[in-house]
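Protein chains in written order, with the working numbering: chain A, 1 to 553; chain B, 1 to 305.
No lab work stands behind these hints: they were computed from the structure.
It is possible that some hints are incorrect.
[Stated by the list, open to error] Below, simulated DSBU-like cross-link-like pairs (lysine-lysine); rule was C-alpha separation at most 30 Å, straight line: (1) Lys249(A) - Lys127(B); (2) Lys295(A) - Lys49(B); (3) Lys512(A) - Lys49(B); (4) Lys178(B) - Lys197(B); (5) Lys272(B) - Lys290(B); (6) Lys43(B) - Lys435(A); (7) Lys249(A) - Lys273(B); (8) Lys435(A) - Lys49(B); (9) Lys43(B) - Lys295(A).
The primary structure of each chain is shown beneath.
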Amino acid sequence: MADILTSPHAGADVHHGKEIDYIEAKKGIWSWMSTVDHKRLGLMYFWAVVANFIVGGIFALLVRITLLTGNHGDNYFINAETYNRFFTLHGIVMVFLVIIPSVPAALGNFVLPLMLGAKDVAFPRMNLASFWIYIVGWTMAITAICLGMVDTGWTFYTPYSSTTNGPVSLMALAAFTLGFSSIFTGINFIATVHKLRAPGMGWFDMPLFVWSIYSTSLIQVLATPVVGITLVLLTIERAWGIGVFDASKGGDPVLFQHFFWFYSHPAVYIMILPGMAIISEIIPTFSAKTMFGYKAVAYSSVAIALIGFLVWGHHMFPSGQSQLASLVFSFLTFLVAIPSGIKVFNWLATMWRGNIAMDTPMVWAVSFLLLFTIGGLTGIFLGSLSTDIHLHDTYFVVAHFHYVMMGGTITAFLGGVHYWWPKMFGRMYNEGPAKIAAYLYFIGFNVLFLSQFVMGSNGMPRRYYNYLPEFQPWHIASTVGSWIIAAGLFLALGNLLASLRKPKDAPDNPWKGTTLEWQTQSPPIEHNFHDQPVLHRAPYDYRTPVSVDREIH
Amino acid sequence: MLPEQGSQHARHVDTLFMALFWLNVFFFVLVAGLAIYCVYAFKRREGVKTPHITHNLALELIWSVIPTMLVIGVFFWGAAGFLDYSVAPGNSLEIAVTAKKWNWTFTMPDGSVYGKNIQIPVNTNVKFVMTSMDVLHDFYVPAMRVKHDVLPNRYTEVWFNAEKEGTYHLACAEYCGKSHSDMFGSIKAVQPAEYEKWLVDGPPEWATMKPEELGKIAYEAYGCNTCHSVDGTKNTGPTWKGLYGKTEKFSDGTTTVVDEAYIKESINIPGKKVVSGYENQMPAFEGQIKPKLFEGLIAYIKSLK
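So that you can see chain A by itself, here it is in the shape it has in the complex (with noise of 0.2 Å):
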């Protein structure tokens, strides 16, 4: 920690008009390979994340193009073997290595030390290491795949797991390697958070991004190491067939699943935690009104984050778990679903009576809501339990998931982005194409997702290669669905880089925030702030008109 704590005005000479920032600081391919800054590992975590959703989006672009169809033949281009190894690898890359470390570990890295008025996290070169173990459990991973990938779906189920061919060790070890990334970046903020805060900095003056933040790095704390050696059983298991799972071994197949939802369930909330976070930021700042119920809204991620352990098991109620067990799970789910509403009325609330510019990170929190409402409320058919038994493991389930994982999680990480890109950068992007992106990404996502809600309802299955033939027409909207979300996504991505090549014209505060990242240079100096920040005003705090420059200096 030395290095980053030496010559605090280190950067204080004139460029453009502007000091020099994190990104100039230092020069050369090592000096990112080896950094501490942890607002650089954000960046490296970025363009990780970036370039893995590109891959688990070409995986999802050729799932909807097989299915085009649903009588294959046998001479198809994409048989059935490959198609299974295509939604199993759409899966492991997108929850692996793209939503559970996008908002935390790329923007939550760039951005929680600066909203806490910190240096840096509590542990920098522990914060290295997890982006390094990232990288190694990324490249186990894509060698998996190059191995001749795995055709086990996301979940492992045992026994298809411990049975089937192809690399399947290899790449639940890879999903266990990324687990360590996940424990160190969450017990890195934790710490971040119980001991940096400014001077003057109460826990409910915290910016809620950092109380969404701070809860799910409980979860990833509690919840990661169960998965971690679940998948440590199925390797042991597949390599030395000593039977954990595998019942023709004396295993218990079930077990695998209460093992693996034990992690996954909460990991649900790993996921939809961040993106909460995110549009707690963008409301309050584009509506220029303090943020209503700013306690509720911080006690409802905890508890989402304590209740979401005692729900595994809603994902098992045709699974042969006892009766009872499926009631009570079935009870608390209802429970979990509770704090999620309570945001959502929040967040109206706070954009009732606001002052609301639709600027493009509003645009995608406004997406985010109307499309995490239908994630939530399509939720209650899936708690229920007669409604579930029909619609379990069908194509409702997929829908369902999907408008709160991809409607919630990366619908808030592209706000996000759009929202901290100036202060990561010190770029405006052209606002235009932007906008056109969000809404061609709005109007393809419910194209793709709500055909399949019809289709899933209807008894469509999930993981079909061939299907009835009264679904093709379903089937073919989401397809087309895919390729207009598709081209929404590279618009927004080539917008965002074009704005690369034009020089640092961002101010430092252009959304007229509150929190303490806009109180810094745009993009930040390499020390964040050049002397220990005072909190000036509570975050959200419209009382006294916000510039768009710096109140503190």
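Chain A is fixed; fit chain B onto it per the hints.
Coordinates of chain B only, in the frame set by chain A:
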């Protein structure tokens, strides 16, 4: 929006489904309406100062308590339907189901075994006692709104009571590999007298059919088609095209000319001679195929030149 309703249970599930659908519509219109209204009504104008409203206890209680009451109500409604269907009535007709990649096999109460397509009596409680020979499968009859995983080394049950005559689609709903989506079957509900007749001599149309036509039915019904092609394509098992009269080479090095005796043996005890280049994946069918269909299968293979 929902598939045909085959049972009283299906109607109950659908009533809850539609109630939830309208609950969804109501809350979505509320949220989306408010969000879009805010965007237009409170569009940004420079110099406007927004009110500093930090919270409102009454409002927050309303939007916490009302949804909580609603979802607890939904919980009890869904739980009631679930418990009703969880345990089969004592007088149920019992059919044993064996799932194996990628086929369903049914053992009827009289001991006869059918693949893929079966008949059941209408207006009768029918219970399926299920187990898997390999990985997880899931027995899903959309028209009955019933679904349950089928596990190895464990027995699970589903039951329903078909109210109307008709053919109901059976699908595998738990991913099980390559031909997961082709692992379907059909359950035809017929009048009890017709069911009894079917148990004895198969459906009436069989009486007038040629042996190779019956063989084609058996080819699909027993799931032969998931592994054996009839057009020469190489699949999990050898193709049947041009099989009869051909000299097969086995993994132990021996050879045989394919004749009726060899085909019979290979269906009854597939592991005895395994064609070189293939794995022994096939279940043994000894004693499970009605003689008429068995003869049909041989005739069908002979006809595929």
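Taking the hints in turn, this is what the structure says about them:
A hinted pair counts as satisfied when its Cα atoms are at most 30 Å apart, and Lys249(A) with Lys127(B) qualifies at roughly 29 Å. For the given pair, Lys295(A) sits about 23 Å from Lys49(B) by alpha-carbon distance, which is consistent with the 30 Å threshold. A hinted pair counts as satisfied when its Cα atoms are at most 30 Å apart, and Lys512(A) with Lys49(B) qualifies at roughly 13 Å. The straight-line distance between the Cα atoms of Lys178(B) and Lys197(B) is roughly 36 Å, outside the 30 Å bound, and the hint therefore fails.
Between Lys272(B) and Lys290(B) the alpha-carbon distance is near 22 Å, which keeps this suggested pair within the 30 Å criterion. A distance of roughly 17 Å separates the Cα atoms of Lys43(B) and Lys435(A); the hinted pair therefore holds under the 30 Å criterion. Of the pairs offered as hints, the one joining Lys249(A) and Lys273(B) holds, with about 27 Å between alpha carbons and a cut-off of 30 Å not exceeded. For a cut-off of 30 Å, the pair hint linking Lys435(A) to Lys49(B) stands: about 26 Å separates their Cα positions.
Taking the CA atoms of Lys43(B) and Lys295(A), the gap is near 27 Å; set against the 30 Å cutoff, the hint holds.
Of the numbered hints given earlier, the model fails hint 4 alone.
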